[in-house]
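Those sequence lines, one after another, are chains A and B.
Residues 1 to 296 (the numbering used here) make up the first sequence, in order.
Residues 297 to 428 (the numbering used here) make up the second sequence, in order.
Derived by calculation from the structure, the hints in this document are not laboratory data.
Beta carbons are placed, not taken as given, at the ideal position from N, Cα and C, and that holds for glycine.
Below, simulated DSBU-like cross-link-like pairs (lysine-lysine); rule was C-alpha separation at most 30 Å, straight line: (1) A:K76 / B:K423; (2) A:K227 / B:K364; (3) A:K99 / B:K299; (4) A:K76 / B:K364.
These stretches of chain A come out as covered by chain B in the derived footprint (C-beta under 8 Å, 3 or more residues): (5) 72-80; (6) 91-97.
Listed below, chain by chain, are the residues.
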Amino acid sequence: MKPKKCQIDDPECHLDVIQEWHGDLELNLTKLIKNLEGIREHSKVAKRAFSEHYAKTVELAQAKTRFTYEVSHELKAPLASVYNIINVILDGYLEKDLKKQNDLLKRAKVRINDVIKLLNDLLMFSHLEEGTGELEIEEIETDELLSPIIEEMDELAKENKIKINWNLSGNLPYIYGNPELLRRAFVNIIHNAIKYSNPGNQVKISAQEKNDSLLLTVKDKGIGIKKEELPKIYNIFFRGENARPEHKKEGMGLGLSLVKRIIDAHGGNIKVKSTLNKGTTVELSFSTIKKRRKNG
Amino acid sequence: MAKEILIVDDDPDFVETMEIIMQGNGYETRTARNGEEALKKVQEKIPDIILLDIMMKTKTDGIWVSEKIRSDDQLKKIPIIMITAVNQDSEMAKFDLGEEEDMEYMPVNVFMEKPIEAKDLLQEIEKLIGKP
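Next comes chain B alone, as it looks inside the complex (with noise of 0.2 Å):
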């Protein structure tokens, strides 16, 4: 049975035309709107990765879900690919963060910037889990 990626993003959009590339090379998917959903979703079967959208404007952004998922026994080795709009390594993201959150230690495997090149993000995926 193939891979299955969880991809998480509260851009329509983006959600849909990554489920096209990444069903089109052979993953399988599933989709969540937030931090929320995406948790849920996690519990229901453990995907074999996560593209995780920061997700800054809902109430469970990208970084609660990771928080959780990484604190969670059952849940903590499964790789997570972090997408960021905005440029990581900008103050600002530290700033929102908190001081004692910087990014270098976020609970993540890969941290991307939008907008994704699929080329480089089908190489990260493999490279965590491999092919389909």
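Isolated chain A (complex conformation) (with noise of 0.2 Å):
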């Protein structure tokens, strides 16, 4: 817009001027006002989604840390008490009984085990969290992968004076996955069952087909978690507080917590229902392929 000229002494045209003068800058800064506005919101929703990634950055920073300190406990906590087994034994302490020593060899050829039971898993894991892709994935017969597993947890479960109560279906579907990894995540879960199992004690298994789902039950009436525990099971290295010390002695690897993973890296389900010195009930679950059976 053109300035418009006034005579000096037209007070009128003085007042026109000023008033559009004012009139643009009010709608001027009405403008400024709403960019203002519109940059609040902006840095609000900045700010808010930088706090929340800051959040999480911290959040992974700690726990890779902690992860890191506990593996660092659980490798080095068994390795120094090797460590002392050899020592003792080296500076002569049992020179004269042999027994002992021999003992002592004994445990520490278990503890060394554990070590290595626990590297292994610690690769396995890193593997998974790593990502799926490598995982080498194949047509699995789910009896094939059942009858050996459930010799050797017979076995086991005898030794532990319990009994288990296998109930699976005739016609038990084909899954895909990887067969070790499965066997791992399987035999962990029933190994659980019987290991926290009294003495006495039945473990219930079951597999069914169920919509499209191949189902594994394991229910036992054992020890149980505690109700504030539960969230923590998939927790690397957790075990629960009435965990009674003679489970304590066995390095037991990443336990549920590769489980997990194992189960997830299937696009798998887990559920865990447990009450405390009631029982835990564990329910897995994979899509099945549609294939027809070998001889059916």
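Using the hints, put the two chains back together into the complex; each one sits in its own frame.
See below:
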């Protein structure tokens, strides 16, 4: 807009000009305020996103540090005991007690085995964490996968004075997966059920096809898990407070935290229900492959 | 009577080998597997010194025990050697204990890191309570 020229002695003209300026100014100020509000809104959103991102990063970093710390602890503690055992024998503390020497060396062997087991689990764990692209997957006939597990677990149950009641439906479906990983996951869950049962108890295991899924259920009447501990069961190195000292003797590797990752990597589902001192039920489910059985 | 060492660790193999070493050097020993048991044994009979593992995984850990002992007038003078599996200087140790409980201010006399060299441990014990 072209500025209006006013005569010096024309106050009305000057007043018009001033009013026009004022109008422009008001318009610009409104625009400016609107812009500022926009910026403020943007910055609020950005700040929120930033603090969420920041919190997540910190949380992740802390989890990583904790993980490293716990892993170091789990590796170092058994090695420190093995170191002690070797020193006690080398320094001649047990010179006259060959039986004790022998006993301690056997225990050292067990501890070293635990460390190796843990290292293997850690490697598998990190492999699974990296992503599932590398997972070698094949068609698995569930019966074939289960039959050596049944034998192995019956044996373990017998040693622990537990009876396993197997209830496998006759026509189990095929699933896709990595047989070794799935074997590890199944064995781990059944092993837990046996270990945390009381002698004389029964463990019920069933496998069936339900809604295009293979459903595997392992039910024990053992020591159970405290309600407040249930959200933590997939944490690495988690062990329930009510686990008895004899449960802690054995290095368990990564236990349920690894099982969970194996099941996740297979697109499966794991559900754990438990009541303290009453028992635990673990349900695993996998999608099945629509395929006719070899002889069917 | 020989001086007595209370060995506290949740690792049975560590406890047993420590007992063999300490008894072999003329000390008497008692043992505990967790914090609660340790405190109970200290209250039953005051030991000359405590070898206290940090026992991160038990509900009543080594830190808890040392704090209980240091806040008790009857017990607070008992020397404590704290044993940790993981480097006590690591940032993680501080992180896990909470900021206000920096390792430097822990109420124990000596920190030792696993694996423990028997000769070093015996030296520390002798410094604190003398020969058996």
